[in-house]
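Asker: Sequence:
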Amino acid sequence: MTHPVQAARQFPFGKAPVLIGHWLIGAALLVACGDDSAQGAGNQGGGNDGGSANGGNVPDGGAGAGGETAGGGGSGPFSCADCVAPTDICVDDASCADTCPDQREACNTSVEAGAPQVCCAADEQCCTAAVNGYSGADVCAPAGGGCPVECPGGDLVCPSGNYCELDAETSTYSCATECNPLYICGNNCCPLGSTCGPDDSCVLADLTIDLEQAASSVEIDQYNFQQGSCSFFEGCIGAIGQRRLLRFDLRTPNIGDGDMFLGDPTGNPLFIYSTCHEHFHFEGYARYRLLDGNGNEVATGHKQAFCLMDVEPFEPGAPDQQKYDCGYQGIQKGWADTYHNQLPCQWVDITDVPAGEYMLEISLNADHTLGEKDYTNNLAVVPVTVTD
Numbered sequence: 000m001t002h003p004v005q006a007a008r009q010f011p012f013g014k015a016p017v018l019i020g021h022w023l024i025g026a027a028l029l030v031a032c033g034d035d036s037a038q039g040a041g042n043q044g045g046g047n048d049g050g051s052a053n054g055g056n057v058p059d060g061g062a063g064a065g066g067e068t069a070g071g072g073g074s075g076p077f078s079c080a081d082c083v084a085p086t087d088i089c090v091d092d093a094s095c096a097d098t099c100p101d102q103r104e105a106c107n108t109s110v111e112a113g114a115p116q117v118c119c120a121a122d123e124q125c126c127t128a129a130v131n132g133y134s135g136a137d138v139c140a141p142a143g144g145g146c147p148v149e150c151p152g153g154d155l156v157c158p159s160g161n162y163c164e165l166d167a168e169t170s171t172y173s174c175a176t177e178c179n180p181l182y183i184c185g186n187n188c189c190p191l192g193s194t195c196g197p198d199d200s201c202v203l204a205d206l207t208i209d210l211e212q213a214a215s216s217v218e219i220d221q222y223n224f225q226q227g228s229c230s231f232f233e234g235c236i237g238a239i240g241q242r243r244l245l246r247f248d249l250r251t252p253n254i255g256d257g258d259m260f261l262g263d264p265t266g267n268p269l270f271i272y273s274t275c276h277e278h279f280h281f282e283g284y285a286r287y288r289l290l291d292g293n294g295n296e297v298a299t300g301h302k303q304a305f306c307l308m309d310v311e312p313f314e315p316g317a318p319d320q321q322k323y324d325c326g327y328q329g330i331q332k333g334w335a336d337t338y339h340n341q342l343p344c345q346w347v348d349i350t351d352v353p354a355g356e357y358m359l360e361i362s363l364n365a366d367h368t369l370g371e372k373d374y375t376n377n378l379a380v381v382p383v384t385v386t387d
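Each step along the sequence shown adds one to the number in numbering that gives the first Met the number 0, with nothing skipped, and position 354 is 353.
Where hints are given, some of them may not hold.
[As the list claims (entries may be wrong)] Distance windows between CB atoms, simulated: (1) 339 with 170: 30 to 40 Å; (2) 365 with 93: 53 to 63 Å; (3) 382 with 180: 12 to 22 Å; (4) 83 with 197: 34 to 44 Å; (5) 159 with 227: 54 to 64 Å; (6) 272 with 196: 27 to 37 Å; (7) 198 with 159: 19 to 29 Å; (8) 97 with 262: 47 to 57 Å; (9) 325 with 214: 22 to 32 Å; (10) 177 with 365: 20 to 30 Å; (11) 166 with 198: 18 to 28 Å; (12) 294 with 110: 48 to 58 Å; (13) 180 with 93: 43 to 53 Å; (14) 110 with 198: 17 to 27 Å.
Don't read these hints as lab results, they were simulated from the structure.
The C-beta atom is built at its ideal place from N, Cα and C for all residues, glycine as well.
Put together the whole structure using the sequences plus the hints.
Answerer: Written as structure tokens, this is what we have:
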């Protein structure tokens with residue numbers, strides 16, 4: 000059928016084609032009747048675009064028959080879904096083929112059943128799911144390097160050479176270009192303190208506070224500190240001389256899925272070397288504060304550095320042998336580290352605190368520096384009575 004725009008261009012007066020057509024036919028008949036020897040002008044049939052031969056030209060002397068067969072409709076937009084065997088490869092969203100041109104690689108980039116392969120670009124390679132451990136489809140990636148890294152869960156793909164870095168606090172991954180060699184686990188960069196599972200997954204510890212032991216071990220005593228005291232040097236007391244101390248035990252069991260692993264502290268910026276104790280401490284492992292009934296801090300908050308080590312088994316079925324000490328630090332799954340109340344700095348200096356009812360607040364790994372399975376069990380509050 001003639002497009003409306005084409006019709007308007009040929010016959011700008013609307014219905015004129017019909018009237019003119021009748022007039023032409025009538026004129027031809029008049030000529031034929033008036034003079035039998037006159038040769039009739041042949042007409043062109045009115046077939047639609049792509050119509051049958053009925054609409055074609057006819058020799059002079061006869062009117063052309065109008066086209067009766069409609070032309071075929073134009074084809075719709077191309078779809079890769081139309082690519083079926085044997086031409087089941089979609090090339091540039093434009094055509095189907097049995098092979099990719101120019102030695103380009105065919106790739107299954109869709110997880111839909113029966114979806115055709117596509118041709119990667121000339122400067123790309125096909126990274127297959129089976130070889131690279133992708134949970135979804137194959138990936139067309141830049142050639143000349145390794146294949147992209149799919150992070151656990153399949154929601155993120157990192158460039159070749161990157162690591163999937165786990166944020167233990169949010170349980171999400173991001174792409175990282177560097178990772179501490181201690182925490183490289185396959186393509187993953189695990190949080191500080193975690194271990195690597197057999198399936199290259201990050202296995203997290205879970206530190207908690209033994210509230211019962213802390214409460215049962217609270218005691219108040221006095222001690223006279225001399226000039227040059229390590230306790231003063233490390234900020235555990237407010238001044239030299241006679242000080243009043245609130246002492247308590249801190250036992251921190253690891254109830255997680257794996258060890259809390261730190262390893263050799265030498266050269267690790269998270270550790271400080273104590274010249275007084277002659278070993279490395281993990282900075283800011285625990286914080287202690289004494290609060291009044293309104294939640295105000297009445298004794299200077301103390302940030303305690305620890306040597307993380309296995310002190311005693313905590314859970315049934317825990318390993319029998321100690322694994323970690325101050326030279327190779329950590330806490331095994333099922334074990335606990337314990338700082339008893341008679342150890343240096345295992346107290347809060349309450350020298351200037353008046354008598355009354357208070358709360359001893361103990362927080363563990365408060366900055367979430369160490370990766371843990373659960374951070375909600377890292378805070379404990381112990382009621383304390385301070386007497387004159």
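Asker: Between the beta carbons of residue 97 and residue 262, is the distance compatible with 47 to 57 Å?
Answerer: holds (56 Å)
Asker: Just tell me: holds or violated, for the beta carbon distance of residue 294 and residue 110 against 48 to 58 Å?
Answerer: holds (54 Å)
Asker: Note whether the CB distance of residue 177 and residue 365 lies within 20 to 30 Å or breaks it.
Answerer: holds (26 Å)
Asker: Do the Cβ positions of residue 382 and residue 180 conform to the proposed distance bound of 12 to 22 Å?
Answerer: violated (45 Å)
Asker: Is the distance from the Cβ of residue 198 to the Cβ of residue 159 consistent with 19 to 29 Å?
Answerer: holds (21 Å)
Asker: Take a look at whether the Cβ-Cβ distance between residue 339 and residue 170 falls inside 30 to 40 Å.
Answerer: holds (35 Å)
Asker: Do the Cβ positions of residue 325 and residue 214 conform to the proposed distance bound of 22 to 32 Å?
Answerer: Once the Cβ atoms are compared, 27 Å apart, the range 22 to 32 Å for residue 214 and residue 325 holds.
Asker: In this structure, is the beta-carbon distance linking residue 110 and residue 198 contained in 17 to 27 Å?
Answerer: About 22 Å separates the Cβ atoms of residue 110 and residue 198, which means 17 to 27 Å holds.
Asker: Does 27 to 37 Å hold as the CB distance between residue 272 and residue 196, or does it fail?
Answerer: holds (32 Å)
Asker: Quick check: does the Cβ-Cβ distance between residue 83 and residue 197 fall within 34 to 44 Å?
Answerer: Hint holds: Cβ distance 43 Å, inside 34 to 44 Å.
Asker: Taking the CB of residue 159 and the CB of residue 227, does the distance hold inside 54 to 64 Å?
Answerer: holds (56 Å)
Asker: Is the distance from the Cβ of residue 365 to the Cβ of residue 93 consistent with 53 to 63 Å?
Answerer: Distance hint for residue 365, residue 93 holds at roughly 59 Å.
Hint compliance for this structure: hint 3 is the single one not met.
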